[in-house]
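Put together the whole structure using the sequences plus the hints.
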Amino acid sequence: MDGLNASEQRELAGRMEKKQMKEFMTMYSNLVQRCFDDCVTDFSSKSLLSREEGCVMRCVDKFLKGSERLGQRFQEQNAAMAQSGQLPGR
Amino acid sequence: MPGMADKEAPSSQSKAAGPAPGTAAKAPQGNPIKGLPNLRLKLPSRNWMIFIGIAGSWTTALLYDKYEKRRIQKKWCDLVSHIALEPLPERAMPRKVTIFLSAPPGDGLRSTRDHFHEYVKPVLVAAAMDWDVVEGRREGDVRAGLASRLRRLRKKNGEPTETPLEEDSQLAIEELRKASGITESGSVKGDIIIGRSTWKEYVRGLHEGWLGPLDPPASQAESISDITGSEVPLPSEESSQHTPGHGSLGDVAVTAALSPAEDDSGSTSTSPGDTAISADGASPTAESTPAAPETPPEAEEPKPKKPKQPPPFIATTAYSGAAVSPNIPTELGPSTIIPFPHILGFLNTPIRVYRFLTRRQLADDIGRQTAAAVLASYRPFHDPAQSLVVSDDAQTTGFVGEEASSDDGSGSKWEQQGVLRNEEAEWPKDVRKRVRDGSESVWLDEIVIDPRIGQRMRRFEVAAGEEARAQRIKEGKEGALGQIAADEGASSA
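Chains as they are written, first to last, in the numbering used here: chain A, 1 to 90; chain B, 1 to 493.
Don't read these hints as lab results, they were simulated from the structure.
Be careful, since some hints might not be right.
[To be verified] Under 10 Å between C-beta atoms, here's a sample of chain A residues computed to sit facing chain B:
| # | residue |
| --- | --- |
| 1 | 64 |
| 2 | 75 |
| 3 | 76 |
| 4 | 82 |
[Said to hold, decoys possible] Straight-line distance between alpha carbons at most 27 Å, and here's what the computed DSSO-like set of lysine-lysine pairs gives:
| # | chain 1 | residue 1 | chain 2 | residue 2 |
| --- | --- | --- | --- | --- |
| 5 | A | 62 | B | 178 |
| 6 | B | 189 | A | 65 |
| 7 | A | 65 | B | 178 |
| 8 | A | 62 | A | 19 |
| 9 | A | 65 | B | 96 |
[To be verified] Across the chosen pairs, the derived CB separations fall in these ranges:
| # | chain 1 | residue 1 | chain 2 | residue 2 | range |
| --- | --- | --- | --- | --- | --- |
| 10 | A | 45 | B | 333 | 52 to 62 Å |
| 11 | B | 164 | A | 62 | 35 to 45 Å |
| 12 | A | 82 | B | 84 | 28 to 38 Å |
| 13 | A | 53 | B | 89 | 20 to 30 Å |
| 14 | A | 45 | B | 379 | 22 to 32 Å |
| 15 | B | 178 | A | 13 | 27 to 37 Å |
| 16 | A | 45 | B | 133 | 44 to 54 Å |
| 17 | A | 36 | B | 178 | 30 to 40 Å |
| 18 | A | 77 | B | 92 | 17 to 27 Å |
| 19 | B | 178 | A | 85 | 14 to 24 Å |
| 20 | A | 62 | B | 425 | 49 to 59 Å |
| 21 | B | 133 | A | 77 | 13 to 23 Å |
| 22 | A | 51 | B | 452 | 51 to 61 Å |
For glycine and all other residues, C-beta sits at the position ideal for the given N, C-alpha and C.
Okay, structure coming up:
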C-alpha cells in the first residue's frame with residue numbers, strides 16, 4: 001500500500017469493499033440454498049412447520065460457526081505459510 | 001418317513017374314488033411311498049476327516065476371534081462415543097493427545113503404525129479426539145523429539161538460553177491463536193506410548209527435557225560438524241542389526257561428552273539447527289544412500305542430509321545434580337503405555353500363530369488403556385516412597401509390570417520401570433548385543449528415574465465404574481450415552 005498515492009488507495013479500498021460485499025452475498029446465498037434444501041422437504045403445507053423452523057435456525061447457526069472455524073484455520077495456515085515462505089506439506 | 005408315507009397311502013386310496021384334484025401330488029395309487037433314494041449315511045474317509053478337522057478348527061478359531069475382537073472394540077468405542085457428541089465452542093480447539101510411535105528393535109516403523117491403526121485409532125476416532133504423533137525410526141528418535149519439544153516449551157516460557165527459539169510456522173500459528181483468543185479445550189492432555197522401547201525413550205526424553213540444559217553441551221557441536229556423510233541406514237533396509245556405534249554419530253558425540261572434559265571443551269558452539277527437525281513425521285529428505293557405514297566423510301557435498309539425531313543433553317548419572325526447570329507443571333501429562341507384542345523369527349512361528357488367534361485379548365487391553373486416556377481418568381504412578389502400595393493393577397491388565405515393592409531404602413523400584421518388562425524378552429538377540437564403547441543405549445539400559453520427575457508422572461487408568469459399564473455395554477444391557485441400547489430399547493443413563 002506504500003507505493004500508491006491517495007486516490008489509488010481509495011480505489012483499492014473501494015474495490016476491496018466491493019469484493020468483500022460480493023463474498024458476503026455469495027456466502028449468504030449458499031447458506032440459504034443449503035439450509036432450504038436440507039431442511040424444507042415437505043411442501044404439502046405452505047407455511048414452515050415447527051421442525052423445519054428449528055432445523056433452519058440450527059442450520060444457519062452451524063453454517064456460520066463452521067465457516068468461522070474454517071476461517072480461523074485458514075488464517076493460521078496463511079500465517080504459517082507466510083512464515084515458512086512456502087506451501088505447507090511434506 | 002416311510003411310516004408316514006404308509007399312512008398317506010391308505011388315505012389316498014380312500015379318496016381316490018371321489019374327484020380329488022389335490023391327490024395329483026401324491027403317489028400313484030397303490031404304491032406305498034418309500035420316498036427317499038437309497039441314502040446310506042456314512043462319515044467321510046479318515047483322510048477327509050483329518051483335513052476337515054484341521055481346516056475347520058483353524059477357521060472356527062479365526063472367525064470367532066475376529067468376531068469377538070470386533071465386539072470388544074465396539075464395546076470400548078461405545079464407552080467413549082458420548083464425547084464425540086459434545087458440542088465444541090467455535091473458539092476452542094479439541095483436546096489433543098500425543099502419540100509416541102517408534103520402530104521396535106529389529107523392525108520398521110510400519111508395524112507400529114499398523115498396530116496403532118488397528119487397535120488404538122478406532123477408540124480415538126469414536127471419541128473424535130485429535131492427536132499428534134511423534135515418530136521415531138532409530139533408537140533414540142523419540143527421546144530426541146520429546147526432549148526438543150520440552151526444551152522448546154521451556155524456551156517459550158522464557159527460560160534463559162543461548163540458542164533462542166527460532167521463528168517457525170508452528171510458533172506463528174500459536175501466536176495467532178493466542179491473539180484471536182482461541183483456547184484449548186480440556187485441561188488434561190495426554191500421551192499414548194506404544195511399546196516398551198518407546199516407553200524407555202519417552203521416560204529418558206522426559207528427564208532430559210525437564211532436567212537437562214537448554215543448550216547443547218559444547219562438545220557435541222563440533223563432533224556433529226566433523227562427521228557428516230555416514231548415514232545410518234534405516235532399520236528396515238538393513239538386516240536387523242543394532243549398530244549404534246557405527247553410523248549413529250550421536251553415540252560418538254556422547255562418548256566425547258561423557259569423557260572427563262564435559263563442560264570445558266571450549267570450542268565454537270554452533271547452533272544445532274537440527275534440534276527442531278528431530279523426528280516429527282516422515283522426513284522427505286530421507287532419500288538415504290544405502291551407504292555402508294564406512295563412507296568417508298563427505299562434508300563438502302551439499303546433498304540433503306538426513307536430520308541428525310541430537311544426542312542426550314544430559315547423562316543419566318547427572319540427573320540428581322541437575323536443577324529441574326521452574327516451568328515444570330505439578331503433574332506431567334498423564335501417559336498410558338500400550339502393549340505392543342512383537343516377535344520375530346521363524347522358530348517363533350507357533351507363538352505368533354497363537355497370538356494371531358487370540359488378538360481379542362490384546363484388543364481388550366489396548367481398548368481399555370486408550371479409553372482411559374480418552375476419558376482422562378488418571379492416577380499417580382506408584383513410587384517406592386509410598387509404603388505398601390495396594391495393588392490395583394490386578395484389575396487392569398496382565399501386562400502392567402510389578403508395582404512398587406516395599407522399599408529397601410534405595411528407591412529402586414518404580415512402577416515406570418517395570419511396565420511391560422516382558423516385552424524386552426522378545427527383542428531380537430542382535431539388538432541386545434551391546435556395543436562396547438560404553439555409550440549409552442536407551443533401549444538396553446535400565447530406566448533411570450529421578451524422583452522429582454517420577455512423582456509428577458501420572459498414568460491413565462479406567463475407573464472401576466467405567467470398567468463395569470463397559471462390561472454391561474458388551475452384554476447389551478446398556479448403550480452408549482445418548483443412544484438407545486440395542487436390546488432393551490430403554491434409554492440409558
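So, going through the hints one by one against the coordinates:
| no. | hint | result |
| --- | --- | --- |
| 1 | 64 | holds, 9 Å |
| 2 | 75 | holds, 7 Å |
| 3 | 76 | holds, 5 Å |
| 4 | 82 | holds, 7 Å |
| 5 | A:62 x B:178 | holds, 24 Å |
| 6 | B:189 x A:65 | holds, 25 Å |
| 7 | A:65 x B:178 | holds, 19 Å |
| 8 | A:62 x A:19 | holds, 24 Å |
| 9 | A:65 x B:96 | holds, 21 Å |
| 10 | A:45 x B:333: 52 to 62 Å | holds, 56 Å |
| 11 | B:164 x A:62: 35 to 45 Å | holds, 43 Å |
| 12 | A:82 x B:84: 28 to 38 Å | holds, 34 Å |
| 13 | A:53 x B:89: 20 to 30 Å | holds, 24 Å |
| 14 | A:45 x B:379: 22 to 32 Å | violated, 58 Å |
| 15 | B:178 x A:13: 27 to 37 Å | holds, 29 Å |
| 16 | A:45 x B:133: 44 to 54 Å | holds, 53 Å |
| 17 | A:36 x B:178: 30 to 40 Å | holds, 39 Å |
| 18 | A:77 x B:92: 17 to 27 Å | holds, 18 Å |
| 19 | B:178 x A:85: 14 to 24 Å | holds, 22 Å |
| 20 | A:62 x B:425: 49 to 59 Å | holds, 53 Å |
| 21 | B:133 x A:77: 13 to 23 Å | holds, 19 Å |
| 22 | A:51 x B:452: 51 to 61 Å | holds, 59 Å |
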